[in-house]
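Asker: Just need the whole structure built from these sequences, with the hints factored in.
2 protein chains.
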Amino acid sequence: MNLNTDFVDKLRNSGLRPTKQRLKICEILFDNDKTFHFSVKDLSKIISQKLGEKISLATVYNTVHAFEKKGYLKEISINSNQTYFDTNTSSHHHFFDEKEKKLIDLKNEDVDPINIKKTIPGKKIKSIEVLVKLDPDNY
Amino acid sequence: MNLNTDFVDKLRNSGLRPTKQRLKICEILFDNDKTFHFSVKDLSKIISQKLGEKISLATVYNTVHAFEKKGYLKEISINSNQTYFDTNTSSHHHFFDEKEKKLIDLKNEDVDPINIKKTIPGKKIKSIEVLVKLDPDNY
DNA sequence: CAATAGTTTAGAATGATTATAAACTAATAA
DNA sequence: TTATTAGTTTATAATCATTCTAAACTATTG
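Sequence order for the protein chains is X and P.
Going by my numbering, 94 is the number at position 94 of the first sequence; the sequence numbering is gapless.
Going by my numbering, 6 is the number at position 6 of the second sequence; the sequence numbering is gapless.
Simulated from the structure, these hints should not be mistaken for lab results.
All clues stand as given, with none of them false.
Copies of the same chain are indistinguishable here, so a pair counts whether it falls within one copy or spans any two.
Calculated lysine-lysine pairs in the DSSO-like style (CA-CA distance at most 30 Å, straight line):
1. 41 x 123
2. 50 x 69
3. 24 x 102
4. 50 x 20
5. 118 x 34
6. 123 x 101
7. 99 x 34
8. 102 x 41
9. 10 x 99
10. 107 x 133
11. 34 x 123
12. 70 x 133
13. 133 x 10
These figures come from a predicted structure and were not determined experimentally.
Answerer: Written as structure tokens, this is what we have:
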């Protein structure tokens, strides 16, 4: 399969033209065996380090937000001064290490099925996210 | 029971002297049958409206953070440009209405017990929070 | 009551995010 | 192709929540 075609598809699907800069962003985000968590600042740094190229913050924001809207990225529900995204878009959960301020994936199958016994009239469930906060063992 | 004594206790317990301003903040936060969600800006507005008094933002931040550290308030794990707090400190969860950007409490007993089947070496679970995102029914 | 330790406040500093507008590039039509 | 149009990139400015600062003030302690 052609990765580049995949990138172009993702971009077009998100209503974006495939430009040089955006394809670079795709390389970092999607050309990877492992999924990962990042902030826009992180991503920007990775781009300049790995690709020796600087893409303006505005472009990174614009691209990341378009992908998020289309579901190619997920925003992580955690209170922080910056927003974190996840390239793992499958339904899953997170541990958050409060001491080290680090997020760790928690697979859906590592959590027993969650059953919500209350409903809100006129609303339906879009997603269920579990955040497990961690402390050091001897705390 | 004397509410004022309770407020003073909460403040002292949080390492804060009971000042006029802080007692006003307590009145809004704790002298209430219902629990509620708020941002610092919200709280500041409520104070000036209900009590006809303006307390500087720095003081509100300082007090709210001290209470949060001691567990008299809970920070809500949700990604937003501002931080939301909850006067409901019991273990519970939240719905989040994506359209109206509104938080709704979800009682622990309305969620079947959550079992996490994965552990992280050297860490123990501090809390488990579920966020149920909602969409309009016909979406 | 004096000395000390902690508090309040306005305003400045910080930092993430969003907006702006001019120069540039991709897409489209001729 | 080339010209036109629509969308993009960028540096920089604007915004906004939060944190910091330092001077004036207040509670606590001896």
